[in-house]
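Student: Next come the chains, spelled out residue by residue.
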Amino acid sequence: MSPEIAQNDILYHVSLNARPTESIRQYNVALTICGNHAIKVFMTTAPTAAPRISIKDVALTRGARPVLRGLSLAVHAGEVYALLGGNGAGKSTTVAALLGFLKPDAGQILVADIDPVENAERARREIAYLPENVALYDQLSAYENISYFMALSGKEPSRDAMDAALDDAGLQPEARALRIGGFSKGMRQKVAIAMAVLRDVPVLLLDEPTSGLDPRATADFNALVTRLKARGTAILMVTHDLLGAADCADRIGFLAAGQIVEEVVPSKGMDVLALHHRYGEVAAA
Amino acid sequence: MTTVRLVADNEWRLMRRSRVAQLALLILIALSVIATLTSIAHRDANDDLRARFQAQADQEFDGQPARHPHRMVHYGHFVFRPLPALAAFDPGVDAFTGSTIFLEGHRQNSANFGDVRQSSLLARFGQLTPAFVLQVLAPLVLVFIGFGVVAREREAGTIRLLSAHGVTAQSLIFGKALALGRVAGLMLAPAVAALLWLTFLEGAPIVAALGLGLFYAVYLAAWVLIIVIASSLARQARTALMVLLGLWATTVILIPRVAPDVALAFAPVPTRLETDIAIQRDLRRIGDSHNPDDPHFAAFKARVLKQYGVDRVEDLPVNYRGLLALEGEKLTSRLFDDYAERQFAAERKQGAIVAAFGLVSPAIALRNFSMALSGSDLDGHRRFLKQAEAYRFDIVQRLNRLQAEAVTFGDDSNRNKDPDAGRRVRIDPKHWHDVPDFAYRGATISEKLESALTGAALLLVWLVMAGFGVRIAIRRLEAAL
Amino acid sequence: MTGLLGHELRLLLRQRIAVPTLVLVLFLSAAAVWAGMAEVARQHDIIARIKPQQVEDVNAVRSWASKDGDAGNAAYYTFHATWDAPSPLAFAALGQRDVAPFVLRVRALALESQINEGENYNAEMALPGRFDWAFVLTYLAPLFLIVLLHDLKSGEREAGRLDFLRVSAINERGLWARRIGLRVGLIAGGLILPLIVGGVLSGAAAADLLLLSAMVLLYLLFWTGLCLLLSRRGMGSVANAASLAGSWLTLTLILPALALLAVNGAFPVRQGVELTLAQREAVHSGWDKPKAQTMEAFFRHHPEWRGTKPVEGGFHWKWYFAFQHLGDLSVADQVRAYRHGLEARDLWTERLAFVLPAIGTQYLAHRIARTDLTAQLAYQDRIRAFHKRLRSFYYPYIFNDVPFGEDDFGRAPLWLEDAEGR
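Residue numbers (our numbering), protein chains in the order written: chain A, 1 to 285; chain B, 1 to 481; chain C, 1 to 422.
Hints were generated in silico from the structure; no laboratory data involved. Note that the structure is predicted; figures quoted are calculated from it, not measured. Heads up, some of the hints might be wrong.
[As the list claims (entries may be wrong)] Over the 12 Å line for every Cβ pair with chain B, so calculated as not near, a few chain C residues:
#1 Leu-4
#2 Leu-261
#3 His-302
[Unchecked claim] Partial list, computed: chain A residues near chain C (C-beta under 7 Å):
#4 Asn-133
#5 Ala-135
#6 Ala-151
#7 Ser-153
Beta carbons: idealized from backbone N, C-alpha and C, even for Gly.
All chains should be modelled from the sequences, with the hints used to inform the complete structure.
Tutor: Structure representation (structure tokens):
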């Protein structure tokens, strides 16, 4: 059910942002116009520096059901990649595979050049992970939660460092010493983001980060993602929120039936609504 | 009422689909059957053995050759405590009390050869009997099956759905209780079968069996209500499970062990050894038969001589030594009764303290009730001890009287010096036949009911308290709907 | 590392159920040790109390029996006290000391009718078993451990924290090991601490305390292993708790009860009653047998008295004590069979102790505390040895017709506090 597309309509801006942290990279961009209906954007060939997250031809079966069927994607330093997909498309499986919880049947996954299948713990040291529902210890305060989880990952941040991270995450100072049992979802997420900031690792994995957040909180979050990106973190955001993805992602990959069926580079002024319909169609396929 | 049935039927269906519930129930029923069969076999074998030993002892007593009667006083007699039929259902303290006493003159021996002293410490883990299965295991299995009956619906949110369909809190709770009650009924079934067996095949008193069936049902009903209450009040199934497990461990395992410690501290009982020494001491004070100048025995002698109108014991028409033995036995026996009564009083006080703990532990209330009606409580053992002592006194005095009347004083005094006198003091063994055999009289049904009263009352208190708890649970659940 | 443990400790102690659980463990364990020590003190008191009473009782016999100096009277009427003082660790596992006598008086007469005497105790009090430290360990400690461990992983999963937690930990095994170790350690501490305090106050051997502490750890480790094994099936906390409590029921109540049925069924010990009946027959038939025959039989066992003055007349203590002893000897086989039956029961309990951990802790604790059937039999052995000394003491007076004077009462063997008292 895609809308009619005029020949001269510019549907997608293909922008190549050179990143200051990286050496010049070459993208070969192929635009394919399929009749009157759609444009597929393929980015082929890798940049010269290795991607921070690399998934190549991964197939993964859960039980008897094949979930991932030849999934490939790469996220580079300083890049935000949004992985979009409907229910059952394989988003959470991808996350679990990246964290080393699930073992692919075929293909290769590398996180900061480490194979999480072979060495989950070492791979996890390079990943900060923000789960969909941030569940922390209700009986601990924000500070205590942070120092506990930091201690688990081998760090002992000072109170000042924690405050700086919480400032970054935007948690109001008066809440920080309170037990988080009474925190809203957004506040909990801010605590978890502060942890991600403090972890200071090259890869950030965001699982449905904006689901259940109000528009204001979503905007705050996206701003934060942009700030982290500027530090050179490679960010993979798994979401079904196209609007949010379009707002802060450098690339959007549409995941359906276990593989990327389409990858787009959003730009200002692009027709998100059209993309949304397209996304619905892809998800239905 | 129909909604109650509907809720119950639905829960019942769920339970029947739950493998865990089925398995737990199946194991319990299997254990109950095993316990019933082994317990009946064990009781029958033990009772037979005791009857055989008793017959052997009777026969041996009657078969003694011609003897001096005092030899027979020391040859003595063995008596065995028979096991009531319902001891197969609840053997109570049987394993802890000796089953046989050796009766002899001027000594009171203990009841010996209790099972527990002859067992390794395995015996202290508890015996697998129908009573144990129902008192201890059944409530826990009910907890496993029932902790979630209401809490699960609450957690899953289905409770609001039910409410939207017009199911009230009251019919929900009653329905769940009914479903769990059916499970309890299944648990009770093997025990009821055991009671029927014991009543119709082994001659157990029907009133006692009926009472047992009824109050075990009351006990399980109280547990069913407690489980449904906890399940309704808890916001999560896990909380309900934890609370119920804690309640079970406290009331069934912990308190029954702590209560005796408290009771023993409040009413200590002296050891046998001390009692022995104390009796000897009292005996010397009353009258020392070894002391030729003892005032009591001097007065006794004077009284006897005066009664027969003679001056010397040699001139008495009866054997003075026999009279002395009669008098001595009377003194010791009085002391034995005295000390036994003191000990029984202390034991009763201990028992009363433990029984009071029935207010915080229905398991204690049921245990006391069950032992009392089965005739396997301490009262039963005390009855045996008393009857054995009475029997001891009776046969010893019969033999002493024989010594006084069938043996002459002259022969008795010269029996060791003069071989002829020694022969003459050995009286005809037909006298041994004349001594009656021991016939134990068990508690009558009214005596059993009387000692079971406290336990029964406490169980009813528990049921009523659980009833109040249900009302509170209904009100709370109404507020939550 | 202490930092991490500190974090875990704070986390644990802030859980709603943890503090009450741990306090309860400590309280119950301390209460059990206290109750056990009170009971042991009571037993010591009784032993101390009977000594002067015993002296008074012997003096009463002496006052009349020394007048004619007949050793037979002295041997017949004098009771000799024996006792089995509780071991320093008896407070931890009171065992069978409540149902078997730990003080017993014997005479130089036939022993078999004396040695199986029972104690005055309230059977209804003994029925549920004693509340002692071994009980808290065997029955209650696993329950507390289950409370703290059943939701170790499933609780995190249900709270939605599991993945986040695993990803955050640079050492995931270490994380679980710390959590398990902390919980097991705290419960073990709650169990061991009161034991050590009680043990030190009672003067128990350090090695024994160490052994018991090791047993605590081993037992808790078993239950920990079971908790982990069952929770590996990935069920929810509720299912874990229910299946663990079911395992507890099976392992601590049902299987030992079945084991008791099996062991007692396999080794019946009716010889106890049989030998008592037989021994009475043997002793009393002595009155009716020709004295020479009785004495001859006795001399075969005690040739040292063969040359003494022959028995004449209707009665002599020599003859009386001879057939008393022959009565004992006549049932020696049955005594041995009875003893073997009891030992077989104990042996099979020991074997089961290797298979069923609940039996294992009970068995080991009672063995170390010397309150089990073995200890009871050992006390009987010491009584037998003492009885032999008694006979050896009285025989020279009786067989050599030596008058038994007032002073001789004081020469009678005394139960030796150190060698026999424990």
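Student: Could you work out which of the previously given hints the structure breaks and list their numbers from low to high?
Tutor: 2
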